[in-house]
Amino acid sequence: NPTPSAERLKLQLSLLMETPLRGKGNETKRNVTGGRHAIMTRHSAGLAALVLVIITLLTTFAARPASGTPSLVDTLNKIVKQYLPKINDALHSDVPASVGQCADGAPKPCTCINDACGSLYFLHKHWAYKVDAAWIGGLNTAELTLTNFTAPAPGTLRLTLGGHFAQLPLWLYIGECFTFDDCSKLWENDHACCGANKKFSVSADFACSDSWPYLTAAKVHAVQLDKLEITESIGSLHINLEDITNTVSKQVGEVMSEYLTTKKFIPHNNTTVSLLDYANDMAAGVTGKAPIPCP
1 NPTPSAERLK LQLSLLMETP LRGKGNETKR NVTGGRHAIM TRHSAGLAAL VLVIITLLTT
61 FAARPASGTP SLVDTLNKIV KQYLPKINDA LHSDVPASVG QCADGAPKPC TCINDACGSL
121 YFLHKHWAYK VDAAWIGGLN TAELTLTNFT APAPGTLRLT LGGHFAQLPL WLYIGECFTF
181 DDCSKLWEND HACCGANKKF SVSADFACSD SWPYLTAAKV HAVQLDKLEI TESIGSLHIN
241 LEDITNTVSK QVGEVMSEYL TTKKFIPHNN TTVSLLDYAN DMAAGVTGKA PIPCP
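Numbering (the numbering used here), first residue to last: 1 to 295.
Don't read these hints as lab results, they were simulated from the structure.
Values in this document were obtained by computation on a predicted structure and should not be read as measured data.
For each residue, glycine too, the CB sits at the ideal point set by N, CA and C.
Careful: at least some of the hints might be erroneous.
[What the hints assert, rightly or not] Restraint ranges, calculated between C-beta atoms of paired labels, are given here:
(1) 97 x 123: 24 to 32 Å
(2) 268 x 146: 28 to 36 Å
(3) 103 x 213: 20 to 28 Å
(4) 143 x 180: 29 to 37 Å
(5) 272 x 114: 23 to 31 Å
[Unchecked claim] Calculated pairs, DSSO-like style, for lysine-lysine (alpha carbon to alpha carbon, straight line, at most 30 Å):
(6) 264 x 227
(7) 263 x 125
(8) 250 x 125
(9) 219 x 264
(10) 108 x 264
(11) 108 x 86
Full structure from sequences and hints, please.
The structure is reproduced here in structure tokens:
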């Protein structure tokens, strides 16, 4: 026999509350109010409480996925892990080799960070010093090694991507300025900053739904990059080197965040799609676009 529905059990509960059960061991008490008779028994009240417990349990478990059905988090984690090599290949092909002042000998392809296609960082303190961080390279050496979906809050999934840059060379000019603000180059190269094997992580939050498409509305949550350090000596110049490296680090993070959220870079079905759209399409291949509970 099929399991009784919650509505049927509610109806049975209603009948139990209205109909006395007579028999040995039952004690009946009648109260008359306004011409209406209320009949209550300890036996029927006990059964009513039992049925109420059953209804509560059915309601609780009905909302849970069937045993053996993978969750949305598990499904997406399996997909991203499976297709990580393809995502890395797409990154290597699409991420620019450098960003910043592209006309100043930067590795190609290069992407400007502003309309003027200016330097990543420029500061000229008159009669003191001049700093010009023109571009940073090596962005296309990014390699993803970690992907993880989690559910930090109801209706939200968070994707964290972790990896490293094989190298991040920064073209940096440091000059000392003298009387009449005439500046002389102290040094200028691409090896004073920022080193090799720099680890990074980028995480973004997505609104999730029980129905397909499961993920929408990407928003960057956090960006982390290993500390960048300038190793070349600046002599007696009073330059805040962290201002330079923090600015450069932020701009590198912005590039990677775009690829996690909105950038269309993954070849798929004769076009290019974002990581969000790719995850949705691959999940549809697993679920057939059937509803799957969002945490």
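**Prompt:** Hint numbers the structure violates, sorted upward?
**Reply:** Going through the list in order, the structure violates hints 2, 3, 4, 7 and respects the others.
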